[in-house]
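The chain contents come next:
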Amino acid sequence: MCVDNTEGNIFDIQRFSIHDGPGIRTTVFFKGCNLKCLWCHNPESQRFQPVLLYYRDKCVSCGECAKICANTFTESCTACGKCVEVCQNKARRVSGRKETAENIIKQVLKDKEYYKTSGGGVTLSGGEPLLQSDLCLEILKAVKEKGIHTAIETAANVKWEVFEKLLPYTDLFLFDIKGIDEENHLKNTGVSNKLILENAVKLSQKGGNILFRMPYVPEFNDFEAEAVADFAKSLNKPLELMAYHNIAVGKYDALNRLYKTREVTPPSKEFMKALAEKLGAIYSPSGV
Amino acid sequence: MDLQKLTKIEPFAVGFLTADREDRCYKIAYALKFMAENLELKMDLKNWFQAPVKSFVPYSIGFSRADGICVRDHENGVITRENIKTKKIALYPEYEAELNELYDVMRPYDLWLYLNSITSDIEKKLDENKCCWGRGGGHGNPDFYMLLRLGTKGMREKIEKFRFIHNDRDDFYDSLLLCCDAIEIFAKRFQEKAKELIKTAEGEDKVVLERLIEAFDNIPENSPRNFFEAAQYFWMAYGIADFDSPGLFDYFLGPWYQNDPDKELRYKCLEKLWQLFYETRSWNLCVGGSDEFGNDMSNDLTYDTLKVAREFKYNTPNITMRVHKNTPDSLWHAAVDTLATGIGMPAIYNDECVCTALESIGIPPSDSHLYCMNGCNQIDIFGKSHMGLEDGEISIIKAVEFALFNGVCKFSNEKLGLTTGDAREFKSFEEFMAAYYKQVEYLADTIVSVSNRYQEAYAKYAPIPWRSLTIQGCIERGLEYKNKGPYYGHGQVLTEGLPDAADSMAAIKHYIYDTKKYTMAELLDALDKDFEGYDELYKDFKGYDKFGNDIDEVDDIYAAISDHIYRYFRTKKTFRGGVFGVGCSTYHRAPNYAIHCGALPNGKKNNETLLADSIGCTPGNDKCGPTALLNSVLRGNQYLSTSGNVMQMKFNKAQFNTDAGKEAYIALAKTYFRMGGQTLQINVVSREELLDAKVHPEKYENLIVRVGGFSEYFNRLPEPLQDNIIARTDNEI
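From first to last, the protein sequence lines stand for chains H and P. Each residue of the first sequence is one higher than the one before, counting from 1 in this note's numbering. Each residue of the second sequence is one higher than the one before, counting from 1001 in this note's numbering.
Heads up, none of these hints are tricks.
Result set (DSSO-like, lysine-lysine): computed pairs, CA atoms no more than 27 Å apart in a straight line:
1) H:Lys58 <-> P:Lys1542
2) H:Lys165 <-> H:Lys112
3) P:Lys1517 <-> H:Lys82
4) H:Lys82 <-> P:Lys1605
5) H:Lys269 <-> P:Lys1313
6) H:Lys112 <-> P:Lys1662
7) H:Lys82 <-> P:Lys1699
8) H:Lys67 <-> P:Lys1517
9) H:Lys110 <-> P:Lys1699
10) P:Lys1268 <-> P:Lys1188
11) P:Lys1662 <-> H:Lys273
12) P:Lys1272 <-> P:Lys1313
Since the hints were derived computationally from the structure, they do not count as laboratory data. Every value quoted in this text rests on a predicted model; they were computed, and no experiment measured them.
Use the sequences and the hints to build the structure in full.
Structure, rendered in structure tokens:
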């Protein structure tokens, strides 16, 4: 997926993010991903195009949306957003918009004073930010120039050249490893993990500052935790375990999509702490 | 009338009436001493420290810090002027005739009789319709440090020294001596009572009584020898000061706390004080801060105060913590740990901003660094000022309404403002703003005039001898506390609805003058009809950019009107000999101001009660997170605020209680202060509020569920998950 230099698809810019890297950060959520993890907690981010979310329990069935659009409940919805404007009870919203690099950078720099105090900065997240690497590059360069910390949160299923391009401008890679076993990875995410693991090794060799992160999802990849920990250790990089949570269930309903891990019970804090200790990993209390 | 008969049940009034001089300050001091001699003392051994309050007779004529002599219900702390007589007579039917007569004799001394007659009809209407009001009483911070250091012996020497200079003010100085007598008599009688009780006492009671007997051998005449004595002395003096605000707690008690070798006992004493603060609903207690050279003033008591607050989780007193660039990290963490309990305290104040503000109105650095909080959150100089908390309040949105409707109040439909012309004729936004400035200055002038009349009446009718003794400047100048005695006599006015006014103006500028999508006539008609039949206009005005989101177009207007009103008041002098300062702390009063306004161009409907939360934005309007909100707020020059610019923020508890969360909040506060912020009050969202958010999502649009790499608002979560988060809030710490 290619975009021109100055514009890209994002779905949110969240200021005062405190769980996406050190300090107070602004997280830019890129839209579009080439993994389809069954537990994905930002399902609205998977497509590049905008999507319509419809919160059924907020709907008062006033019918205003149907008056202006025949496609409102159909496959051919283009998420143009017209129905959102007329919706009385805010039961609808569109996720995804085009944004220029210039505008994103402007937003990010607004909190530079807070970054300075806290050692924070910008985190490019998503979706998969690396699928819009030109936009990433432009943002990272501009921000890095001001001495601000930069981080990328990635599933890393991209060509190595992308990493090579961004490495000089990235202080920290929050590198997701969803499993070591290729078959299981394919089952859970729809893609092989070969490229991902290769990238991990290369990035580590090239001196990238990496924090591996593993979403820990009972029944789906929990049995791989030890293998992931071994992998991180072999590269001498820290690993953070992020417990599965089901806070995203509302989004799946709003997107009218199947949520395969809906019935999974989130592991307890105590369990995760003990596991992290056993594996020599970091436990992230904020979850996936 | 046989006053003797009423000595036990109306000791204050009897003392007041039997005083041997006519000077009112003297009479009140005489009454205080009379009470000390005649009250039937009750001791509170459970809480160790003694103050006469437990001995006050219910429903008796008394003395209040704010109102002078009043007919007062000591039990509930409520001042009820009419019903009290019947209640009292019901308690003592045998004295019906005497009590009736006594109330008639005392009635003319009630300050409120005069206060009602000093405002004009239009001023009363402005008050009733929540446009603006002025007052003149307020809180005070006695200098307990001076009292504890000098003892009454030293105080007496000080009084005599200055009597020699102002040798024509015997009534005043004698009234101060009577106050010294009173506290000494209370102490002696408590000691006698303790000696009596100890004969039959056992266990802890006996130990406490022994300590009290020993303490009263020394205090209040001399300086305390250990923390127990210091705490007892403070508590008694504080009780006579009507349990107002303890002030710089760790500053004046710290030396005794720090030097007491019995660490267990001193902490136990602190726990007892904490319980007493809670039971007496004390106002504001301040810890931390730096001196004028930037040295950190914190000590063991600073940390232990925060610790005891965490332990008890009481909602009173309000705790304020002062910070500066040398505040140790350990103190920051102690503060954040306390906040994490969900009690919403301490409020954090920035010395750099407050002291600079105070210095700009002429308070020297040595004293500006003695600032502390009083009442809810107003700024006072510890032991040296009468900053007249709540001298007035001004409704900024009312000035907008007046500018739009040529001075007509839409709540009463009466013309209460100035004639500034028909808004439909205004050719430009500047013309509209000129009308606003005239209206807001008119309201400000009204406050200044009314407040100064009140201040003068207080000085004349409601002297407070105990405060004159304990607040510096009074003895030195030979002037009573209310009558220009204290060193600093600045005033404090609060603003209501500045952000709402800015939102209204920004929308007017955009839609009426810039894009010309609507005419002023249409807007006025829409406001008159509460937007009925103006759906599109309503949507446009309601949906227009709002203050609190780091958007220059709105924030520029906010900066301009905020700067204007803050500076305007500073040019006005108080009766007490200072200037009027401005602050903003709206709290629960905001809805009342909103309801007294008609529909507004920011999309507020006639019956809606949402109004900006202190200097922050209107609840629910901040949609870009706390940093954006703070950036907006910082557009108002906070160095102009000498009365406390309260900034409240709410955070999700589950998120706050992580190491990363705590570090982030400390960084947030430090950044805000570095950029010139004055104060930050962080509330960890309580269970009740989250439950409320389920019912009223519009008030909580800013509540983000902040989980790593995840972006969603609380409002958008399905109900079971909202419940899940509420449950987590409940359980964690």
